[in-house]
Structures are given as C-alpha cells and as structure tokens.
Amino acid sequence: MRAFLDNLRLAFGTFIANPLRTLLTLLGIVIGVATVIAMMSLIEGLRLKVNRDLSQLGANTFQVTKWPVGFGRVNWNKYAKRPNFTLADRDDVMKHATLVRTVSAEDAHGGQKVSTSDRETRPTVIIWGVTPEWTETSGVEVQSGRFFSQAEELEGRAVAVLGQDVVDVLFPGTDPIGQQVRVRNRPYTVIGVLQRRGSFLGIASMDNLVMLPMHAFHAAFGQNRSVDLNVQAIDAASVKQAQEEVTQIFRRRRGLSPFDENNFEVHTNDSMTRMFNSLSQVISAASFGVCLLSLVVGGIGILNIMLVSVTERTREIGIRRALGARRRRILMQFATEAVALSLLGGVLGIAIGYFVAFLARWVLDFPAVVPVWSVVLSVVMSSVVGLAFGIYPAARAARLDPVEAMRSE
Amino acid sequence: MSVIRVEGVTRDFVVGEETVRALRGVSFTVEKGEWVAIVGQSGSGKSTLMNVLGCLDTPTSGSYWLNGHDVARMGDDELARIRNQEIGFIFQTFQLLPRETALANVELPLVYRGVGRKERRERAREALEKVGLGHRMTHRPNELSGGQRQRVAIARALVAEPSLLLADEPTGNLDSATGEEIIRLFADLHAAGHTLVLVTHEPKLAARCPRAIRISDGTIVADGPGREVALGNLAEHARAHG
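Which chain is which? The protein sequence lines are A and B, in order. Just so you know, we're using the working numbering here: the first sequence kicks off at 1094 and counts up by one. Just so you know, we're using the working numbering here: the second sequence kicks off at 2 and counts up by one.
You may find that some hints are simply not true.
Part of the chain B face toward chain A, derived, beta carbon under 10 Å [unchecked claim]:
#1 Gly55
#2 Asp78
#3 Ile83
#4 Gln96
#5 Leu98
#6 Arg118
#7 Asn143
#8 Arg157
Just so you know, the hints here were simulated from the structure itself, not pulled from any lab data. We put the CB at the ideal spot given by N, CA and C, even for glycine.
Could you build the full structure based on these sequences and the hints that come with them?
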C-alpha cells in the first residue's frame, strides 16, 4: 500500500513536470470516454423523453397502419405492395368492432407553406387530414374556436384548425378565427386553434401544423394514399382484446388465410417504446464501438509516451535500481503511471461528458441523464487501456541493467 | 566478522566470440571501520570489481560475503535488497534524480526499504545536516554546486546506515579544492567508524587512505598502507612513461 502511494505520488509528479505532454497524451482517452458518456446520457434522455412523449398518444388508443414505424433496414418493396387503408376501413371497424369506442383516420403531408394575404410561414408546416373523432383519439383539445364537425368533414368543407406555431407566425396579436389561410393555393377558413402541445423529443415542434378535414385534405393532396387509423378501446382493460378484434376484422376484410401474416401494422405506445428501445441499443452499441476505437488510439498514445518516458528516464531507473528498487517495483512504478495517466483521461472524459449532458439539459431542455453504468464502464475501460498499453514499456523499464542504465545520459 | 570477504572472484564477459577476463581471481578482506582505496588504471578491472562489490553484478566464480551474506549466489531481488540495506553508493557523476529536491533524493533508499513518509523525511534531514547541507534541503540538483551535489549523494549513502560506503571516483568531477573537502568528509566518516571503500585511478587520493589495494589486469598486485601502494603505483607509472 505504501509502495503504491509512493508510485502514485511519483506518477503525478511526472504529470506536473510535463503538463502539456500529459494533456496531449490523455486526449485520445478523454475523447473516447467523453463520447461514450455524452452519447449514453443523450440516449438515456431520449429514452425518457420518448416514453413520456409517446404516451401523449391518447388514452387506450392504438394505431393501425400500412407502414411499420421503421428505423433501419426495412424491405420497403414488401410494404409498398400492401393494400392502403381508406376511410371505408374506418367505417367498417366502427360498424363491426364491439370493444372500440371510436376510430379516427389521419394522414399528413409535411413541408408546406401556409399564408395569409400578407404573411407566410416557412415551408415546414405539417398539414394533417383527420376525421372529427381525432380530438378524442389523440386527447388534444381545442383552445379557441372549435374542431370541425362530421358534416363539415363529409361535405369536404374548406375549414382549418391551426397549431399555435402557425398562429404565432400568421396572426400575431390578432384572433385567427374566421380568417382565411391558404395552403397550396387553396383557401381555408380558420375555425379553431389547438392547445399548445410542446415539442416531440425536444426536436420537432408539435404545434407547427394545420388540421384539415380528411375530405378537404384529399382534395388538396390526392386520395391515392393510405390513412392511419387511431383506434380507441372502450376502456384500458380492453385495449389488448380490442387490438385482437380489429386485427381479425382486417384479416377477414382482406381475405387473409390463417397462414398469411398480417399485411398491416398494429402499434401501441408499448410497441413503439419497445421499438425505440431496440433502436437505442443499436445506437449505444455503435457509439460504444466508436469509443472503443478512440480508446485504442488513446492507448497507443500512452504506449508511445511511456516508451519515450522510459528512454528519457533510463538513468533514473538505473539509480533507483542501484539504491535497492526491485524489478517488480520499477514495473509497478511505470504501470501505475500508465494507469494513472489513462484514468486521469477517463475522469476528464467523464467530466466533459457530464458537462455535455448538463448543456443538453439547460440549453436544449433535453432530459439528458448520465447512466451510472456508463461511468463505471468508463473507469474500468480506461484502467484496462492504461494497463494494457503501459505494461510493455514498464516491463522494458524493469528489464534495464542498473549499471548500463546509470551510464546513459 | 569482516565487512567484505572476497575469495577467488573471477568475472568473464563474453563479447562476440571472445571472452574478456576482467577479474582473474581476486581475494581480500575488509574489516569493519577500515578505509580502503582500490586503485588501478582504466581497463584494470577495478570498475568490474566495484560493480561486484556493490552487488550490481555477480562474479562468474568465487565467493563474496558482504557483512556475512553470501552474495555471489543471490538472485536479482535479493541483490536489490542487499544493495538497499548494506551498501551506500557514492558515484563520480553523483547520480541524483534531477527533478527531485535534495531531501527527496536522500530519502530514496528509505523509500525502497519501506520506511514511512514522516520517518523518511526526518532521517533524510538528519543526514543532510550531517554533511553540512541543512540549509539546502529543498534545492534541486541543478541549483547546487558540484561539491554540494556530492554531499547530497553522500547523505543519501549514509541515510540508510549501511555497513559499507562504496565510492566510485568521488572527486573525479570536482575541482581540487572541492575534492579536498569531500576527502575530508570521508576522513570524518572514517573517524566516526564507517567502513569505506573508495575506487579511484588517482594515486594521490589513494595515498590519503590508510590502506590501498592496487589492481592490474584483473589481479591484485599490491595491498598495503595507502602511501606505499600509491608510491609504487607512481613508480610504475613513471617507468611506463619514462
């Protein structure tokens, strides 16, 4: 223990004697560890946020869609061949399902400009076509004015409900109700404004939108597309059975034999969360790989500098050996130095990672959290790297003959 | 019990195809409290003998007892322990750690003996005071004169209270006045009962020692009172160059 403390003191003496060199040597390790800590904290934050934001999808509601909510490699061709969902599908579910309270259909077209006679938004607004039940299935409420009625939907009336971001841009300080907005050169009368919903995952605003009745939406963007169905079960206990019921209705309606797989997707908050978690594991593994690589690079830096250090201090090693240091003690001295160097890098990296997480929280309002296991992992990995790359120079130092070593300059 | 007992020590070095016989059977003893010079010209084998005596090297054959320890058969770790406990080294080029203070340099042998920090510091301080450097403890070697550096080295040799002080050309890198100071310090240490072995090529220095051993071609050619052995050396030197 005393020998260890003496070695540690020696190591830090060396670092203080060569601060710049020490810092540069550490850089690889610092970057590697900072990357892993920052990435893990962001992924952890994303996971928390996804779990929270996904549950904003209305209560007891699940989605039936043509497309999987896919990330990564997906066989698009296979999904493209699936039949579209239409409003007739919606009506059919409403007619036959017993465990379903209501169903809304929705579709969206992004990247649109919305304008008034004298103002215009940037081309980032998402135009939604929805059926009137959407307020129930989404749980989103209208802040002022009203949502469109069944009649307005069926008649394909050119009416619109705006999100708060659009109101902010087009109607600053004035009441938008009763005013006209234009989308794709078609005029719509504003009849309501949605409550502010904030942003999804801290990235995408959920208020930068215009809601149109589905028929009006189809008139503007074409009908040859699949809608998504939001199905609300009669109560929380029936969600699972309602899913089963709806699945069977569509299988029958689409004439699938018992051996065919579903040619549509059923998502719940749960299944989306699960999918996101598996995605986050992929990201974790990838960034872990990157981090491992930079740790190896950092380790080679340590190997290099330790070899230089041993050469420079050959005489010192000779003196120590002559005065009674055993080979093992010299080995330990240099191994301790390498591990301390690497650990120092690890600690600096952890600090920087924490700082990044802190910035994400306070500047981006993103709930980044550094997972404890990532800190433990970083400490362990940087020690291992220090030992793995420091042991060879240390062994070289220990092998030196004292008489020869003292003769060197 | 003798501090040094050397019997028939040989040391061969294999250099490529050739075997260089640096020591060809050396025998002598040094008793406790003696002050002995080992003189010889370069290539005489005195450096090899110094390394063997200092347990930095082991003989090819023969025996060496240092303060009763059979050193000739020891392994590397045991030799390190013996160096640490039985020998105080004083080198021509001082061999101080440049980054450390005088105090830390003197502490070094105690570090490897496992002495605690506080006691180390205390004993190092005492040793530095003993060699007259009580006012230079926190200086680094490059802030000290040559004579002061050698005093630090002597303090380092003394601090662990070894049974043998082994000095290799201790005045070789010093001017004559400073060298004289160091010799006087050795005389004081001798008077205080330390056992001193001093390896040198300078007859003048050997003449100052009560006893000198002259080595040539790997064998002892003279062993007696320092003045006589040194004079003999001078005579031979004169003959060689006459």
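**OP:** Report holds or violated for the interface hint on leucine 98 of chain B, using the least CB-CB distance to chain A and a cut-off of 10 Å.
**Re:** Hint on leucine 98 of chain B: holds, closest Cβ of chain A at ~6 Å, below 10 Å.
Subject >> Hint validity - arginine 118 of chain B Cβ closer than 10 Å to any chain A Cβ >> reply: OK, holds: arginine 118 of chain B within 10 Å of chain A, min 8 Å.
Original post:
If you take the shortest Cβ to Cβ gap from glycine 55 of chain B to chain A, is it below 10 Å?
Top reply: holds, 7 Å
Original post:
Taking the closest Cβ pair, is aspartate 78 of chain B under 10 Å from chain A?
Top reply: For aspartate 78 of chain B, the interface hint holds, since the closest Cβ of chain A sits about 5 Å away, which is under 10 Å.
**OP:** Return the status of the interface hint for asparagine 143 of chain B: holds when the least beta-carbon distance to chain A is below 10 Å, violated otherwise.
**Re:** violated, 13 Å
Original post:
Holds or violated: is there a CB of chain A closer than 10 Å to the CB of glutamine 96 of chain B?
Top reply: holds, 5 Å
Subject >> Proposed interface contact between isoleucine 83 of chain B and chain A, which counts if any beta carbon pair is under 10 Å >> reply: This interface hint holds because 8 Å falls under the 10 Å limit.
Original post:
At a threshold of 10 Å, is the proposed contact between arginine 157 of chain B and chain A supported by beta-carbon distances?
Top reply: holds, 8 Å
The structure shown violates just one earlier hint, number 7.
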